[in-house]
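Hey, can you work out the whole structure from these sequences and the hints?
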Amino acid sequence: MTPEEKYELFEKFCGQELSINEKARLNKLLDEDVSVKEELKVYGQLHSYLDTTFNSEAELAMLENTLKKIGKSYFVKSPKEKSTEKPIKKEIEKETKRAPKKESRVIKIPAWIYVAAASVAIIFGVYFFSKSNPVYNDFATIPELSIAERGSADKNSKNAEHAFNAKNYLEAEKYLSILLSEDESNAEYQFYYGISLLEQDKYANASQIFERLYQGNSGYKYRALWFEALNQLKQKKYDQCSELLKNIPKEAEDYNQAQKLLKKI
Amino acid sequence: MGNNKPHADQKYIEALLKNDTIVLTEIYEKFAPKVVGYIKKNNGDEPRAQDIIQETLMTIFKQAKEKGLQLTCPFDAYFFLLCKRKWLNELKKSSGKEVTIPDEVVSIDDESVSFADETEIFETKHELFTEMFDQLGKACKELLKVTFTIKSMEEVAQKLGQSYAYVRKKKSLCIGQLTQMVQNAPKFNQIQNLL
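For the protein sequence lines, the chains are P and W, in the order given.
In this text, residue positions in the first sequence follow this note's numbering: the first is 52, and each later residue adds one.
In this text, residue positions in the second sequence follow this note's numbering: the first is 25, and each later residue adds one.
Just so you know, these hints were derived from the structure itself, not from any lab.
Remember, it's a predicted structure, so these values are computed and weren't measured experimentally.
Ideal Cβ positions, reconstructed from N, Cα and C, are used throughout, including at glycine.
Relax, there's no trap hidden among the hints.
Partner residues are not named here, just some residues of chain P that face chain W (Cβ under 10 Å, in silico):
#	residue
1	K57
2	F61
3	L97
4	H98
5	T103
6	L111
7	M113
8	K120
9	I121
10	S228
11	L231
Distance ranges between label pairs, derived from CB positions:
#	chain 1	residue 1	chain 2	residue 2	range
12	P	N298	W	Q201	34 to 42 Å
13	P	K206	W	N113	46 to 54 Å
14	P	N116	W	N213	35 to 43 Å
15	P	I71	W	G92	23 to 31 Å
16	W	N113	P	D234	33 to 41 Å
17	W	K117	P	Q266	18 to 26 Å
18	P	K206	W	E178	17 to 25 Å
19	W	S118	P	N219	51 to 59 Å
20	W	L41	P	P194	32 to 40 Å
21	P	D205	W	Q34	50 to 58 Å
22	W	K65	P	D82	52 to 60 Å
Quick look at the structure:
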C-alpha cells in the first residue's frame, strides 16, 4: 500500500467515512504493523487539533480580550485593597451606587425654575432618546477593488474586480480565494477577501482574515483593524468594537472615522 | 480518573467556554491571590502573575474545547498547580537551569496532580503541533486552513478551483506529512515518555 492510500484511509477513518471493505483493509494494516497504529493515533490527534484550532480562533481571541479586561481591573487595584480581598463585583456595584454625600441645605427655588428645568430635561430626553447606537452602514465605506492589469489575460483578477465592485460579494469571495490560493501572502487580496466575507455576515471568517492582516506589517495593517472594528459593530458588540478602535493610531487612514465612531459608542 | 461525576467547579471550565464574564471574574477573585502570592515570593511580580494566570486559563480553554475536559476535582489546587508549573518553566527558561521550589502553599491531592499532568501534556503537545504546522509548506498550510474551516469538501473544491478527489487526497497527504514531522521531532519522544 502506498503512503497516499494509507493516508486516504486515515482521513476517511477520522471522518467516519470508511466503507466495510476499507475498514477491513485498515484493520489488516493495523494488525500487520504496530507503527501504523501509532501513526494513525498521531494523525487523529493532529486532525482534532487542526479542527479545533481553526474553528475556535475567534472564540479564543474573545476569551483573551475578556481575560485581559478582568485581569486589568483586578490587578489595577492597589496591593492594600487586594489584601483585604474586596470582590471586584462588589467594588463595581459600590462605585456605581456611591453617591456623593453632601450636607443638605434647604434653598427655596421659585416655581418658574422648575418649569424651565423640566422643559430642558424634556428637550435633552428627546434628543438622547432619538439618538440611537451607531450602525455599520453609516460607517462602512467599501473601497473599490482594482487589481486587474490592463490587457492582462488573468481572468480571476478581472472576475474578482468585477464582482466586488458590483457588490456581488459571494462571487468576489470565490475569485479572491482562488487568487489567494495562488498568492497566499498578498495583503490586498486578503483585505478585499475579508470585506467580501464581512459583507456576507461571515463574521468569524472575516475576523480571521483581518486579525492576520493586523498582525502583519503590510499597508493594510490598520485598514484591517478598522474593518475588524466595523465587523464587531455590525454584530452590535460595542465593547469589542471600541477596544479595537482605540488601537488605530493617528497616522492611520481611518483614524478620524474611528474617533468619530468611538464618540458615538 | 477517579469518579466520573463532574465536580461543582466544572462551572469554571464552562465559563471559559462560554466567555462568561461574571464567573471568570470570580476565578480571579477566588484563585488569583494565591497564585500572585506564590509568584511574588519566587522572583516574580504582579504583571508576570497576570500573564501566567491568563495563559493558564487559555490553555484550559483549549483543552476543554478540544478534549471536553471534565473536572472531577476542585479547581483551586488544579489551577494553582498549573500556574505554579508554568512559572517554574518560565524561571527555568530565563535562568537556563532546573528550578525547584519546595511546596508549602497548599497540599495537593493526587487527583488534582493527575488533572494538571494531563493539561500539561496537552499543552506541550499543542505547542509541538503548532511548531510543526508552522514548518509545513505554504500550499499545505492554506489547504488545511480552508478544508477545516469550510466543512463541505465540495465547497472547498469549488473555492480552490480543484476537483473534490484532488482536495481530499491533498488534505490527507498534508496531515500525513505533518504526522511524520511530529513523530520525528525529538520533543515528541519526550512527550511520549511522560505518558
